[in-house]
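The UniProt record's numbering applies: residue 1 is where the sequence shown begins, and numbers increase by one.
Treat the hints with care, as some may be off.
Unchecked claim - List time: in silico DSBU-like cross-link candidates among lysine-lysine, alpha-carbon distance up to 35 Å:
id: 1; residue 1: K97; residue 2: K85
id: 2; residue 1: K97; residue 2: K165
id: 3; residue 1: K165; residue 2: K210
id: 4; residue 1: K97; residue 2: K210
Because the hints were derived from the structure by calculation, they are not lab data.
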Amino acid sequence: MVSTRSTSSSLTPGIPPTTPRAAIRSRSTSRPPASSSWVHVPDTVTLLWLAVSLPLVAWDTGYIMLRPRSMPGGSLHWPLWVPYKLYGEVDHVYGFKQWDLRNGFTAAQGALNIVESLCYLAYLYLWRANGRPSARAGGRLGVAGRPAALAVMLAFSAAVMTLSKTVLYWANEYFSGFDNIGHNDMYSLIVLWIIPNGAWIVFSAYMIYKFGGEIVAVLTAASGRASKND
Numbered sequence: 001m002v003s004t005r006s007t008s009s010s011l012t013p014g015i016p017p018t019t020p021r022a023a024i025r026s027r028s029t030s031r032p033p034a035s036s037s038w039v040h041v042p043d044t045v046t047l048l049w050l051a052v053s054l055p056l057v058a059w060d061t062g063y064i065m066l067r068p069r070s071m072p073g074g075s076l077h078w079p080l081w082v083p084y085k086l087y088g089e090v091d092h093v094y095g096f097k098q099w100d101l102r103n104g105f106t107a108a109q110g111a112l113n114i115v116e117s118l119c120y121l122a123y124l125y126l127w128r129a130n131g132r133p134s135a136r137a138g139g140r141l142g143v144a145g146r147p148a149a150l151a152v153m154l155a156f157s158a159a160v161m162t163l164s165k166t167v168l169y170w171a172n173e174y175f176s177g178f179d180n181i182g183h184n185d186m187y188s189l190i191v192l193w194i195i196p197n198g199a200w201i202v203f204s205a206y207m208i209y210k211f212g213g214e215i216v217a218v219l220t221a222a223s224g225r226a227s228k229n230d
């Protein structure tokens with residue numbers, strides 16, 4: 001008589017069967033952490049803009065916060081802030097007109113300049129202190145994990161502040177009937193006011209686009225992984 005073999009005898013001896021729970025645990029432990037899949041690498045335009053704008057903002061903020069000594073006739077005016085003699089005539093927000101009226105808008109702007117600059121400097125520090133050469137970016141310095149998330153958040157927030165403050169500065173002129181710049185001829189207005197101030201709108205908007213796009217991409221990827229795990 002032929003004996004009937006049980007189904008379990010076909011399994012390989014010595015290897016315990018895998019339960020569904022064990023399989024799930026195995027897949028979850030073998031999956032690399034989400035942070036290892038994202039590396040933040042600053043683009044060249046952003047780094048160049050920060051290299052140019054941060055010293056200029058520090059110079060501008062120094063003039064604002066040290067008024068009236070930094071203004072024409074003041075003990076600190078020469079040589080560092082001599083160009084502000086002309087600019088104060090182009091934009092009365094920086095000149096004696098608004099200073100004599102005790103207009104606090106300029107000083108408030110200077111205070112926000114300090115906050116923005118500290119955020120940008122913190123971003124650069126996090127990138128440099130935690131960065132490693134990234135093969136994905138051709139060996140350029142990249143930062144990953146929590147430092148990358150914090151750095152991108154700081155830079156994005158600072159760029160939003162910069163854009164909002166600059167647009168507010170322009171809106172203040174529009175809604176005041178161009179009280180501080182309306183006396184200029186068109187050439188002076190374009191060369192000495194629109195182009196210099198417009199640069200902060202263009203580049204801060206660019207940074208918002210870059211950093212915001214990166215944040216959205218990472219959150220979208222994380223959301224997709226969470227949906228699959230559910």
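**Prompt:** Broken hints, numbered, in rising order?
**Reply:** When the structure is compared with the hints, only number 4 turns out to be violated.
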